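Visitor: Sequence:
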Amino acid sequence: MSSSVVLAALLGLFSLSQASLPDCKELITPRTLEDDNKSIMAKWIFLEGIADHYLFTDILKTVNSSWMEFAPSTLAKTLTLRNDIVSEGKFLPSCPDCLTMNFISQFKNKTIYSLYLFSKSQNP
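Just so we're aligned, residue 21 is where the sequence shown starts under the numbering used here, counting upward by one.
There could be a bad hint or two in this list.
Straight-line Cα separation of at most 20 Å, SDA-like style, residue types lysine to any residue; simulated pairs [what the hints assert, rightly or not]:
#, residue 1, residue 2
1, Lys110, Trp64
2, Lys81, Ser139
3, Lys58, Lys81
4, Lys130, Phe76
What follows is a list of derived Cβ distance ranges for each label pair [claimed, not checked]:
#, residue 1, residue 2, range
5, Glu89, Leu135, 31 to 41 Å
6, Asn129, Ser59, 21 to 31 Å
7, Thr94, Lys58, 14 to 24 Å
8, Ala62, Lys128, 10 to 20 Å
9, Lys81, Lys58, 11 to 21 Å
10, Lys110, Ile79, 12 to 22 Å
11, Thr94, Glu68, 28 to 38 Å
12, Tyr133, Glu89, 16 to 26 Å
13, Met88, Tyr133, 32 to 42 Å
14, Ile60, Ile124, 13 to 23 Å
Keep in mind that the hints were calculated from the coordinates and are not lab data. As the structure is a prediction and not an experimental result, all values here were calculated from the model. Here a beta-carbon is modelled for each residue, glycine too, at the ideal position from N, C-alpha and C.
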């Protein structure tokens, strides 16, 4: 096969793959409590998590069952998590019965990044 045929085939595949790329903006735009309050305020079962610091990864290795419940706070734009770590979280788009959370946490002068996946059921 000549190199021009291979090049033409590769260019054709490249143009097809470029045409089929989805618009990812909706996948990276955080959900907000104002826009999506009813679907976020619920009891969520922890499925999986990942973090970039041993403090969180060691905990994640031992977790085999956990859940979290989100409920409105009296303070605007505030949810209270009861622990000694200051965290800022964002809700990311996910499947209809799933919740994906991106956290940036501060603990003893360290910044820790983590990502968690929750579901309303054990088997999403």
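Visitor: Lying within 16 to 26 Å: is that true of the beta-carbon distance Tyr133 to Glu89?
Guide: 24 Å, holds
Visitor: Holds or violated: 21 to 31 Å for the Cβ distance of Asn129 and Ser59?
Guide: With a Cβ separation near 35 Å, Asn129 and Ser59 fall outside 21 to 31 Å, so the hint is violated.
Visitor: Take a quick look at whether Lys58 and Lys81 sit within 20 Å of each other, Cα to Cα.
Guide: Violated - the C-alpha atoms of Lys81 and Lys58 are around 31 Å apart, more than 20 Å.
Visitor: How does the Cβ-Cβ distance of Thr94 and Glu68 compare with 28 to 38 Å: does it lie in that range?
Guide: At roughly 32 Å between Cβ atoms, Glu68 and Thr94 fall inside 28 to 38 Å, so the hint holds.
Visitor: Do the Cβ positions of Lys110 and Ile79 conform to the proposed distance bound of 12 to 22 Å?
Guide: At roughly 20 Å between Cβ atoms, Ile79 and Lys110 fall inside 12 to 22 Å, so the hint holds.
Visitor: Falls inside 13 to 23 Å, the C-beta gap from Ile60 to Ile124?
Guide: 18 Å, holds
Visitor: Do the alpha carbons of Lys130 and Phe76 lie within 20 Å of each other, as the hint requires?
Guide: 12 Å, holds
Visitor: Quick one: are Met88 and Tyr133 within 32 to 42 Å, going by C-beta?
Guide: 18 Å, violated
Visitor: Just tell me: holds or violated, for the beta carbon distance of Thr94 and Lys58 against 14 to 24 Å?
Guide: Distance hint for Thr94, Lys58 holds at roughly 19 Å.
Visitor: Check the following: the C-beta atoms of Glu89 and Leu135 are separated by a distance inside 31 to 41 Å.
Guide: Between Glu89 and Leu135, where Cβ atoms are some 20 Å apart, the hint is violated.
Visitor: Falls inside 10 to 20 Å, the C-beta gap from Ala62 to Lys128?
Guide: 32 Å, violated
Visitor: Given the hinted pair Lys81 and Ser139, is their Cα-Cα distance within 20 Å?
Guide: 19 Å, holds
Going through the hint list in order, the structure does not satisfy hints 3, 5, 6, 8, 9 and 13.
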